[in-house]
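Asks: Spelled out, the chains give:
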Amino acid sequence: MDILRFATAGSVDDGKSTLIGRLLYDSKSTFTDRLAAVEDVSRRRGDEYTNLALLMDGLRAEREQGITIDVAYGYFATPKRKFILADTPGHAQYTRNMVTGASTADLAIVLVDATKGMVEQSRRHTFLLGLLGVPHLVVCVNKMDLVGYDQGVFDSIRAEFSAFTTRMATRDVTFVPISALHGDNVVSRSTEMPWYEGTSLLHHLENVHIASDRNLVDVRFPVQYVIRPQSSACPDYRGYAGQVAGGVLRPGDEVMHLPSGLTTRVAAIDGPDGPVDEATPPMSVVLRLADDLDVSRGDMICRPHNAPAVVQDIDAMVVWMNERALRPPARLLLKHTTRTVRAVIRDLQYRLDVNTLRRDPDPTELRCNEISRLQLRVTQPLLCDPYSRNRLTGSFILIDEETNHTVGAGVIN
Amino acid sequence: MSLEMLEAESIHIIREVASEFERPALLFSGGKDSIVMLRLAEKAFRPAPMPFALVHVDTGHNFPEVLDYRDKRVAELGVRLIVASVQDSIDSGRVVEPTGRRASRNRLQTTTLLDIIAEHRFDVAFGGARRDEEKARAKERIFSFRDEIGQWDPRNQRPELWNLFNTRIRPGEHIRVFPLSNWTELDVWRYIARDELDVPPIYFAHRRRVFERDGMLLAENPYQAPDPTEVVSEETVRYRTVGDMTCTGAVLSGARTVADIIQEVATTRITERGATRADDRTSEAAMEDRKREGYF
Numbered sequence: 001m002d003i004l005r006f007a008t009a010g011s012v013d014d015g016k017s018t019l020i021g022r023l024l025y026d027s028k029s030t031f032t033d034r035l036a037a038v039e040d041v042s043r044r045r046g047d048e049y050t051n052l053a054l055l056m057d058g059l060r061a062e063r064e065q066g067i068t069i070d071v072a073y074g075y076f077a078t079p080k081r082k083f084i085l086a087d088t089p090g091h092a093q094y095t096r097n098m099v100t101g102a103s104t105a106d107l108a109i110v111l112v113d114a115t116k117g118m119v120e121q122s123r124r125h126t127f128l129l130g131l132l133g134v135p136h137l138v139v140c141v142n143k144m145d146l147v148g149y150d151q152g153v154f155d156s157i158r159a160e161f162s163a164f165t166t167r168m169a170t171r172d173v174t175f176v177p178i179s180a181l182h183g184d185n186v187v188s189r190s191t192e193m194p195w196y197e198g199t200s201l202l203h204h205l206e207n208v209h210i211a212s213d214r215n216l217v218d219v220r221f222p223v224q225y226v227i228r229p230q231s232s233a234c235p236d237y238r239g240y241a242g243q244v245a246g247g248v249l250r251p252g253d254e255v256m257h258l259p260s261g262l263t264t265r266v267a268a269i270d271g272p273d274g275p276v277d278e279a280t281p282p283m284s285v286v287l288r289l290a291d292d293l294d295v296s297r298g299d300m301i302c303r304p305h306n307a308p309a310v311v312q313d314i315d316a317m318v319v320w321m322n323e324r325a326l327r328p329p330a331r332l333l334l335k336h337t338t339r340t341v342r343a344v345i346r347d348l349q350y351r352l353d354v355n356t357l358r359r360d361p362d363p364t365e366l367r368c369n370e371i372s373r374l375q376l377r378v379t380q381p382l383l384c385d386p387y388s389r390n391r392l393t394g395s396f397i398l399i400d401e402e403t404n405h406t407v408g409a410g411v412i413n
Numbered sequence: 001m002s003l004e005m006l007e008a009e010s011i012h013i014i015r016e017v018a019s020e021f022e023r024p025a026l027l028f029s030g031g032k033d034s035i036v037m038l039r040l041a042e043k044a045f046r047p048a049p050m051p052f053a054l055v056h057v058d059t060g061h062n063f064p065e066v067l068d069y070r071d072k073r074v075a076e077l078g079v080r081l082i083v084a085s086v087q088d089s090i091d092s093g094r095v096v097e098p099t100g101r102r103a104s105r106n107r108l109q110t111t112t113l114l115d116i117i118a119e120h121r122f123d124v125a126f127g128g129a130r131r132d133e134e135k136a137r138a139k140e141r142i143f144s145f146r147d148e149i150g151q152w153d154p155r156n157q158r159p160e161l162w163n164l165f166n167t168r169i170r171p172g173e174h175i176r177v178f179p180l181s182n183w184t185e186l187d188v189w190r191y192i193a194r195d196e197l198d199v200p201p202i203y204f205a206h207r208r209r210v211f212e213r214d215g216m217l218l219a220e221n222p223y224q225a226p227d228p229t230e231v232v233s234e235e236t237v238r239y240r241t242v243g244d245m246t247c248t249g250a251v252l253s254g255a256r257t258v259a260d261i262i263q264e265v266a267t268t269r270i271t272e273r274g275a276t277r278a279d280d281r282t283s284e285a286a287m288e289d290r291k292r293e294g295y296f
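If you're matching them up, the sequences are chains A and B in order.
Counting along the first sequence from 1, when you hit position 197 you're at 197 in the UniProt record's numbering, and nothing is skipped either side.
Counting along the second sequence from 1, when you hit position 63 you're at 63 in the UniProt record's numbering, and nothing is skipped either side.
In case anyone wonders, no lab produced these hints; they're calculated from the structure.
For each residue, glycine too, the CB sits at the ideal point set by N, CA and C.
A couple of the hints might just be wrong.
To be verified - With the Cβ distance kept under 7 Å, some of the chain B side facing chain A (calculated, not the full set):
1. M1
2. M5
3. H12
4. R15
5. S19
6. K43
7. P47
8. A48
9. D132
10. N182
11. T184
12. I270
13. T271
14. R290
Only chain B is shown next, with the shape it has when bound in the complex (with noise of 0.2 Å):
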C-alpha cells in the first residue's frame, strides 16, 4: 500500500511538471533513486514517450559499470541522453581542477549542471534527492526555486501545501522537481524489488581492491593513488549509494541479490550518506553549503 501511495504522489508530481513547464529535463546518474524516477517518469506518460530529455553530468570519474548502465537503459527506452561533463568544463577553463590529496571533482559538477541548464535553457529539472538522506535536504521543498544564478535559498523558499505547486518563474531561473522526497531508502528498495528493475552490478556484493582512508574504504581507482600508508586490500563489498569513485565509500556487505539489500538497508543503524559519501564529511554543513551553490 505504502509504495504504491508513494508512487501516485510522484507520478503527479511528475506530470505537474509537464503540464506547467517548457522545457524539463531528468537528472539521471544511473544509480537507484534517479533508476527509480526514471521508472516513474516512463509510467506517468505511457504509452505516450516521456516527453524531456535526460541529462547526466559525468565527471569523468563514474564507475564505469554504472555508464555501462546507463547506456544501456537509455538504448532500451529510446530517449534522448545528453552528458555534460565536467572534464569539458575544466578543459574550457569553466572551473580549476582541485589537487591534492583529497582532491574530488564532486564541487566542479555545479558548475557544469548550471552550465547544461542554461545552454539548453531547461526550466526545470527533476532530481532524484530524497529528504531523508540529508538533513539539509529534509528541508527543501519538492519544487525548489533557483534563482538566475542556479541558488537555492534555504531561508525564502515558497510555501508549499496540499498537492498545488507553485511552478511560476521568470526566464532564467528554474525550478529543481524532487518527485522522490517522501521516499527512503528502504523504499526505493522495495520498489526495485516491485518493479523488478535492473540495477547496476556495482550495488550488489563483489571483490574488489579497496584501501581505507577517513573510515570509508575507496576503490582502488585511476584517479588516486593510495598514500604509502594505506594498505590496498581485496574485500567482497557493495555500494549504498553511486557517486565518484574518488569519494564514495563501499560497504563490507555479502548482499548478492536485491532482497538481501532490503534485509541490510532494514537492519542498518547507518545512514547511506554517513557511510558512504566523503562529499558530507568536509563540514557539519558540507551538503547545504554546495545546495546554496546549486548543487543537485
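With the rest of the complex left out, here is chain A (with noise of 0.2 Å):
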C-alpha cells in the first residue's frame, strides 16, 4: 500500500466541499462522532443541510463564518491506497493556500461546474497546479445531474480544458463527470452516464501510477546532518544524513562530492533499520563515503557526469505570500534544500497576472498573492536543478530576516 497525497482545489459553488464529504463519507472514513458535530454546527447556523464542508473545517472562525481561511489536510485509507488531502479554499488567499497544497501534490483534483463551464477561476487554477508540477490532473466536470448528464456539455468542457493544458507541462489531464450532491461517478460508476468509458474518481485516485513521478535518474543527496557519534563502541563512524531528492544510490557507487567536486565511492547507507542495498526517494538514509571528504549540511552528494547546477544568479518563478509588498531592490533569506542563504532580488522581470495570464512587463513591486518572473543573486552557490526536472532540487523558500516569516516561494527555471 502507497500513499496518494492529492489537492483540491476550487470553491464551495463548485461543491468541492460537498465532493470532499461524498469522498471521506462514501469511503467510510468520516468517523460518526465527527460528523454529529458537523450536523450541530449546521442545525445551529441554520443550514438546511449537513454542511459536509465543515468536516474541513477545524477553526472557529472558520465555522462561525462559513469560509476556509487555511489549508486543511485530511487523511482516509481504503484497501488499495492511504490518501493524504490538502484542501485548498478558493478565496482571495486562494494563491498561497494552493501553491502550498499543491507543492507536495502527486495529484490535484479541479472542480468544473457543468452549468457554468470553464471559467477564469480554472484556468488560474490550472495554471497554478501547473506552475507547481503537479504531475497528474483530474478535472472533474461536477453538477452534471443539472446538464441533464449530457454528454455533449462534458465533451466540449473537455475541449476546451484540453486546448488549454496543452500548453503546460502536466503530462496527464483526466477527466470525469460527476454530480457530488448525487454520488455519480465518485465512489462507484455512476448508472445515469452510460456513455462515459472512464472510471469513478476514487478508482482513479487509487489506481493513478506515481512510482514513476520520482526522478529516477539523477542522483542529488542533499547533506542534511552529519552523524559522527565519536563513543568507544563506534570510534570511526562518520555519515552523512539526508533524504534522498533525486536517483538511484548503491554501495559501491562513484559519486561526487559539491561544493568540492571530489569524488569517492558510496561504502554503505545505513537505512532507519540498518544497512540497506539502495536508497531511492523519498527514503531518508545515511551515506558513508570511502574517502574522508570535508563534507557539511548544505552541500551535496550526485554522480560525477550528472551534477547539478552550481550558480549563483538565479532565474525563479517567485510567488509572494506577503501582505508586506516586495520592492526591489529587496534583501532576503534564501532556503533551498538544506542550504540557507543570503539572496538579493535587484528587479522584477515581469508580474504575471494570474486570472489573464497576461505579463505586466514593467511591475514595481510584488504584492501577496502575486507571480513574477524574476532574477535572484545569491551569496553562495546553490546546487540546483530546473523546478521541470526535480521539485526538490528546484524549490526554495524566501524568508524576511526582520519578521522571520516565510514571504515567498520560488521554482527555478
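Given two chains presented individually in distinct reference frames, assemble the corresponding complex, making use of the accompanying hints.
Replies: If you want it as C-alpha cells, here you go:
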C-alpha cells in the first residue's frame, strides 16, 4: 500500500466541499462523532442540510464565518491506498494556499461546474498547478445532474480544457463527469452516464500510477546532518544523513561531492533499520563514503557526470506570500534543500496576472498572492536543478530576516 | 510501503530540527504517539545517541502503569528525562488547582510546559500530535511557531511548502514540531506492530473498576470520587489514548494484542479523542482554545 498526496482546488460554489464530504463519507472515512459535531453546527447555523464542508473547517473562525481560511489536511484510506488530502480554499488567499497544498501533491483535482463551463478560476487553478509541477490532474466536471447528464456538455468542456492544458507541462490530465451531490462517478460508477467509459474518481485515485513520477535518473543527495558518534563503541563512524532527492544510490557507486568536486565511492548506506542495498526518493538514509572528505550540511552528493548546476544567479518564478509587498532591491534569506543563504532581488522581470495570464512587463512591486519572474543573486552558490526536472532541488522559500516570516516561494527555471 | 514513506518524512523532520536548532526537547508522555516519535528519533541519529533530552509534563494524575513504562524506556535508552511537575506549579502558586466535580489538571499543564521551556531555554519542542486526531490540529503546521508567551496564532501561520521548513525564531520564541503530522491512529499501531514496540499495558484489554460519566467510562481513581448516582462496576476495558486518569475514558474492548487493536481501530467509526477525552468536550473549539494558550 502506498500513499497518494492530492490537492483539491475550487470554491464552495463548484461543489468542492460536497465532493470531499462524499469521498470521505462514501469511502466510510468519516467518523460518526465528527459527523455528529458537523450536524450540530449546521443546525445551529440554520443550514438546510448537513454542510459537509464543515468537516474540513477546523478553526472556530472558519465555522462561524462559513469560510475556509487555511489549507486543511484530511486522511483516509481504502484497501488499495492511503490518501493525504490537502484542501485548499478558493477565496482571496487562494494563490498562497493553493501553492502550499500543491507543492507536495502527486495529483490535483480541479472542479468545473457543468452549468458554467470553464471559467477564469479554472484557468487560474490549472495554471498554478502546472507551475507547481503537479504530475497528475483530474478535471471533475461537476453538477452533471443539472445538465441532464448530457455528454455534449461534458465533451465541450473537455475540449476547451484540453486546448488550455496542452500548453502546460502537466503530462496527465483526466476528465471525470460527476455529480458530487448525488454521488455519480465519485466512489462508484454512475448508471446515469452510460456514455462515459472511464472509471469513478475514487477508482482513479486508487490506481493512478505515481511510482515513476519521482526522478530516478539524476542522483541528488542534499546533506542534511553529519552523524559522528565519537564514542568508544563506534570511534570511526562518520555518516551523512539526508533524504534522497533524486536518483538511485547503491553501495559501491562512484559519487561526487559538491561544492568540492571531489569523487569517492559510497561505502555503505544505512536505512532506519540498518544497512540497505539501495536508496531512492523519498528515503531518509545515512551515506558512508570510502574517503574522508570535508562534507557538511548544505553540500550535495551526486554522480561525477551528472551534477546539478552550481550557480549564484538564479532565474525563477516567485509567488509572493506576504502582506508587505516585495519592492526591489530587496535582501532576503533563501532556503534551498538544506542550505540557507542570503539573496538579493534587484528587479522583477515581469509580473504575471494569474487571472488573465497576461504579463505586466514593468512591475515595481509584487503584492501578496502575485507571481513574478525574477532574477536573484545569492551570496553562496546553490546546487540546483530546473524545477521541471526535480521538485526538491528546484524549489526554494524566501524568509524575511526582520520578521522571520516565510514571504515567498520560488521555482527555478 | 506507506509506513516507510511516513517514517522517512518523520526522520527528515527530526534531523532538520537537530540541524537548525540549538536546544531541542522531545515531549514524551509515554503514550503511543510519543512512543513512536521516540523510536523515530532513536533511528534518526544511530549509531549516535539522540542529541536532546526528553521532557514529561507530569500532572500528578497519570496512570501509574504509564509512569513505569516511561522510566523503563528512559533507562533503556540512557537519555536524560526532565520531569515538569504540575504539582510543583500548584505548590509554588503559578497555577490554582481547579475544584469541583469535573476538576481536571489538564489545562494547568500549559503553564507547567511553558515554564519548563523557558527555564531550560528550549528553542524547539517535539510533540506527538497528529493532524487526524482533532480538527484544529488538522490546520496546524508541522513546524508550528510559538510567540514569546507561547501562543499559537492559527490565523497567522507560516506557509509550509515542499520539505522546506522555516526554523527562524527570535530569542524567547520557540517552535513546536510535529513529526507525526501525517500519521493516523492506524499508522501508529501498524508501526508499533512492525517494530514490535512495547507499550504501556493499559492499551490492552484488562479488568478495571470504572464508572460512567458524560458517556465516558472513567477509572476509579484516587483523585476524583464518583457521584452517589454513578455506579462503579468492573468491566473489560482498554485505553485508546493516554492522558490523566481524571479525564481519559476507557473503551469496552477485548483487544489483548497489538493485532487485535489494529483490527479494532480499522473498523471503528469513532475518533480516538471523541471516544475518550473529556477535555475536548467542554466546547466545540476546546482544543483550538487550549492550543492558542500554548498547550501541546
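Asks: Confirm or reject each hint.
Replies: Going through the hints against the structure:
1. M1: Since chain A brings a Cβ to about 5 Å from M1/B, closer than 7 Å, the hint holds.
2. M5: Nearest chain A Cβ about 5 Å off; hint holds.
3. H12: holds (5 Å)
4. R15: holds (5 Å)
5. S19: Cβ of S19/B sits 5 Å from chain A, so the hint holds.
6. K43: Check passed: Cβ of K43/B comes within 4 Å of chain A, closer than 7 Å.
7. P47: With a minimum Cβ separation of about 5 Å from chain A (threshold 7 Å), the hint on P47/B holds.
8. A48: holds (4 Å)
9. D132: Interface hint status for D132/B: holds (4 Å vs cutoff 7 Å).
10. N182: Holds: closest Cβ of chain A sits about 6 Å from N182/B, inside 7 Å.
11. T184: holds (5 Å)
12. I270: holds (5 Å)
13. T271: Holds. Min distance 5 Å.
14. R290: violated (12 Å)
Taken one by one, the earlier hints fail for this structure only at number 14.
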